[in-house]
Amino acid sequence: MKPAIEFNGFSYAYRQDKLALNNIQVSIPKGSFTVITGPSGAGKTTLCLAIAGAVPQYFGGSVAGNVQVNQTDTRNISMHDLALHVGSVLQDYESQLVAMTVEEEIAFGLENMGMAEHDIQERVRRVLQRVGLEGLEQREVSSLSGGQKQRLAIAGVLVLEPEIIVLDEPTSALDPQGAVQIYELLHTLNSQGVTVVVVEHDLSQVLSYAQQVLVIHEGKLLYCGTLSEVLPCMIDYPELQTAMPILWQVKLQLEEALERKFADWRSVEDAKQDIVRFIMQNKGVCRSA
Amino acid sequence: MEKQEIQNQTMQAVTAQGGKFRWLAITSLLLAIGAILHLVSPSIGGITPNWTISMYCIAINLTRPTIMQSVGIGLVAGAVNIPTSKAAFPYGNLASELVGAVTCAVLVHLSVNMKVKSLNLRPAVCALLSTLASGFTFITIMKVVLSLTMQVYVYALIPVVLGTAAANTIVTQILYFPAQKLLQSKEVGQ
Amino acid sequence: MRRYAPLTKLILTIIISIWAILFDSPAILAGVAGLQLLLLAITRVSTTVYKGILGLVMFALMLAVMQYLFGATISLALVTGLRMLNMTLIFIIMLASTRISDITAALVKQCRIPSDYAFMFTAALRFIPDFLEESKAVREAQSCRGYSSRGNAFKRMKSYLTVVEPLVLRAVTKSETMAMSLELRGFGSQRQQASLAHVALHGRDYILISLTTLVTLALIINKLQPIGF
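Protein sequence lines, in the order shown, are assigned to chains E, U and A.
Counting in the numbering used here, the first sequence runs from 3 upward without gaps.
Counting in the numbering used here, the second sequence runs from 1098 upward without gaps.
Counting in the numbering used here, the third sequence runs from 8 upward without gaps.
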């Protein structure tokens, strides 16, 4: 299967002196749920902006290599045309919301395409249902809660029906409950076929969803793989500790102490079952002894 | 095209094409700030700066829009205060902010050195003259339309315009530089 | 008034303003103001609108008193206050009975205002509540750090600027995301303000506009060449 996004030896510097991204070589499969993580200032946001074409088109700077979205070089297509394939929810998503009401906010992108009023209404209705904001059409944007604003920002890009959506730390300003709901929404979208790329500094949020994890460190791609491939490697980097889910810190330490491998723990429930199984086995061993 | 070797890679310089909407975004947000300060700002020694004028002076100095764009900025500045602060005289507002914004834009594009040593005084000059232009436009329209007496005009309204202009000169000059520094750091990257 | 198109109400703001200038009798001006209040009453608006009007009446009163104190006759003072009230009431009626987005749609579609400025207007209004929240937060933080609003005027101005500066910087920071997202969302390419249906003129609009325009013309002619009505 052809990849949705491909970085080919991509390097980028905002200014001449310092590389924000250094020789990134990675491909993100179609339909995947990919998580980008790493310490702050590592280049995660720049990576998102590169997928959206804003790097280098909007900011300028120096580039080597290229980024391809659906086999098209992001530099050969306007940011807006690219946005029809890649929906971007930027880190400061509140500034992305520019209309007075929920309905107008979602219609904004469609109006810019010159779509007919009737089609706009139909699409707005559909997307509101998809993100769980139905019934709030007339609400003022500034009266929404943080989680609702995030949903609205997602709806605003989703309404253009892109195959890929990229979100930069979507839950950093939300309470834990709101964060869980946003990831459930992203999971649903992903299962409907949308390729999801999300920057998240706390991997415990995405344990049950992430299919591919990219670890960025000082502009370089440190690791790329599944959670179970990547997490054990991350333990060697003190600055990556904060991204490690506590569950996995426990798991890795247990594995080391017990000299035994557990399955992938994607939730506390997984861990419980695994540990219970382990204890039962050992009980069996004790009895037979 | 400039080329440079970094770690065996050939880096290619790309010119920024973004920023086409920067003036629009900055002006919108600063006008929002102007409107809320207009609502909540306390009067200081009987004088309140006109925050709306101060904010569009900062926006125009930061983004250097054309004169035509400034006509629009002025009209929007006047319009924003109509629903938010129950402006006492809406058409007067529209006309006076138009004059104020255009005055500011003309001063921004004027190639006259407004530096004293290394200190750029252009924001202060813009704020002073824009506030005077806008203020006098407003009170003169008010005088004619509402048939105010010469005494009211001279003793009650002119002093307010002068005081506001003085306050605006100071706050605009002080607020401009941190904003400009921040914007510059954004434009060259993060 | 809700049934009338936004453009009709925009035109009315001009017409009423012209009337306010043309009339110089306190009785007639008071009549027009009464008519506007009646219009407002049948439009059925929220009580906050009436509170706003109360503020305006106070301001009009203040203006009239000032006129009187500076030597105008009572009649002239009343004219001043009532003119101001009339010119502003019509805006309040318009704003209370029309959605902002319909007003901007009318301005873009029917008055050919470039959509850049309609956007600027809407975006500014959209961010006012957000910044209001932030300004409260900043003020609380500053007062915790011991900034006070006492002292002479200059000191107070300086301490107030410590509240304003972070807000201005927030605006600049946010503007970058906003500008980028405008680019991403294809703003300005072939922008089509939707909801033309809401803003189109109907028969009643044409009737109201023609009637009020005729009255205005008659008033102007009467002003130039008094024929005594």
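If you're looking for bench data, these hints aren't it; they were derived computationally from the structure.
Wrong hints could be hidden among the right ones.
Taking lysine to aspartate or glutamate pairs in the DMTMM-like style, the calculated list, with each CA pair at most 20 Å apart, reads [unchecked claim]:
#1 U/Lys-1117 with E/Asp-83
#2 A/Lys-116 with E/Glu-165
#3 E/Lys-222 with E/Asp-83
#4 U/Lys-1283 with E/Asp-19
#5 E/Lys-4 with E/Glu-165
#6 U/Lys-1283 with E/Asp-83
#7 A/Lys-143 with E/Glu-96
#8 U/Lys-1283 with E/Glu-165
#9 U/Lys-1278 with A/Asp-212
#10 E/Lys-263 with E/Asp-276
#11 U/Lys-1240 with A/Glu-172
#12 U/Lys-1283 with A/Asp-31
#13 E/Lys-274 with E/Glu-257
Sample of chain U residues with no beta-carbon within 12 Å of chain E, all distances over it, derived [stated by the list, open to error]:
#14 Val-1205
#15 Asn-1210
#16 Lys-1278
No residue lacks a Cβ here, since even glycine has one placed at the ideal position from N, Cα and C.
Margin query: Output the indices of the hints that this structure fails to meet, ascending.
Written below: Hint check: 2, 3, 6, 8, 9, 11, 12 fail, others pass.
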